[in-house]
Amino acid sequence: MSKHSLQEPTFLILTALAAGAQHGYGIMTDVGQISDGGVKLRAGTLYAALDRLAADHLVEVDREEIVDGRLRRYYRLTPPGVQRLATEVERRRAHTAVAATRLDLLGGLT
Amino acid sequence: MNADSGLERAYRRQLAWYPAAHRRAHEEEMLGVLMTGAHTGQRRPGFAESADLIWGALRIRLRPARDGSARAVWRDALAVVSVVLPMLFLVRFATSIAALIGSFPPDHHRLLAAVAPYLSRELAALVVLVALVLLRLRRTAALASAALLIWYVTAGGVAGSPNWSYFAPEAVIVVAALGLEIAALVASPGPRRGLQLLTWKNYALVASAAAAAGSAAWIPVAAFPLERAAVITLVAFTLAGMALASPLSRRIMVLLSFPLYYLVLGYAVLPSIVNSLGSSESGWFGPLRMTLTFLPVIALLMLALAAAARAVRHAVPAHGQDA
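Residue numbers (this note's numbering), protein chains in the order written: chain A, 83 to 192; chain B, -12 to 310.
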């Protein structure tokens, strides 16, 4: 398993899929909501990330549907994908804890 | 509806930047996402959206091959190079002969007669090598390349070249190319596999790059800054186009960059330095020429040593190592 930290869009895509299988447009809107509008994921970035995540076996196709004559492909996390997200959450939590402790030493969080 | 179909066509044009395999798997799906995200009445993709699509396509094209397949892709790249390299040199050589003869003043048949034996020998050798490759005779082609290399170094091209005491770019390029051809034939499944992988588009690319390189060789040195740079840029763009196509093309480009380096060094960099100095007799020109000539060889040796060391490490894993 990779020891590198995940880039923000990749982390948010995995987080979106942790709620269940989603199609491309669903992931894009969910990432916008998770990041409170801070990250605007576009199709090029999304599919480059999905391509890499699928190659790394972290996500896989769940099912396909035709809606209004257009193909919708749903993606879901694989067990290694769940593990990778959990590792990243733990890493971020540890960093956040250190940052909070040091801020406390500086005079407290405001 | 009309705006929709115009927008869809525009998106399809941008999705053409993606590799064919990715388009087959994801084009309709991505189009669905893009059209769902479009504003009502939108006629064209936004600038940021277009840039993001093209950037995404480049990232997918430039992604390295997966670990398991990397070795197989390298072997395929060597197989393609074993076919392409002799062809490239044949086209380049034929073009440069045509350009050379074209550059002779009228009624200089004696000059032509003087160079004809040298040129026809090299031309015949290249034709034989291309024929062996097309007949898929891997071992025979490797032996022929080795014999050519020995002949070239000892009797024909290098030692016998009237330019050898100068900077002999032609000689160094041929030695580099024959060395690469032998390596490609020995370390890959050879022309049988290479010919399977090549398409007519590849042949067209190879022919145009080789013809450009061949004609560059005879552009007068004094004309270097514009014409020669333009031709070399064309070759570089052709190779860059190949590089973006697939992990296989990128590896082919890496391999071909070895003789290409000597082409650019011999026909562009060194002549332009000599041109600016007014002579090749300057004190630091010799050491500079030697350094630039042997730099890639030293780099290749270091890479080979690193690969060998890695292979030894993998063959004897450390006790208790878990990965």
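Worth double-checking, as some hints may not be accurate.
To be clear about the criterion: a stretch of chain A counts as covered by chain B if any three or more of its residues have a C-beta under 8 Å from a C-beta of chain B, and this derived list gives those stretches [said to hold, decoys possible]:
{"hint": "1", "segment": "100 to 114"}
{"hint": "2", "segment": "129 to 140"}
Which chain B residues stay away from chain A? Per the calculated CB distances, all over 12 Å, these [unchecked claim]:
{"hint": "3", "residue": "Arg(-4)"}
{"hint": "4", "residue": "Val20"}
{"hint": "5", "residue": "Leu136"}
{"hint": "6", "residue": "Arg180"}
{"hint": "7", "residue": "Pro274"}
No wet-lab data here; the hints were simulated from the structure.
Since the model is a prediction, treat every value here as computed from it, not as a measurement.
Backbone N, C-alpha and C fix where the C-beta goes; we use that ideal spot for every residue, glycine too.
Status of each hint after checking the structure:
1. 100 to 114: Answer holds; 4 residues pass the 8 Å Cβ test.
2. 129 to 140: It holds: at least three residues are needed, and the segment 129 to 140 of chain A offers 5 whose Cβ sits within less than 8 Å of chain B.
3. Arg(-4): The claim stands: Arg(-4)(B) keeps its Cβ more than 12 Å from every Cβ of chain A (closest is about 15 Å).
4. Val20: Label violated. Min Cβ-Cβ 4 Å, cutoff 12 Å.
5. Leu136: Per Cβ check, Leu136(B) is outside 12 Å of chain A; nearest 41 Å; holds.
6. Arg180: Nearest chain A Cβ is 24 Å from Arg180(B), so the label holds.
7. Pro274: Correct as stated: the minimum Cβ-Cβ distance to chain A is 43 Å, above 12 Å.
When the structure is compared with the earlier hints, a violation turns up for hint 4 alone.
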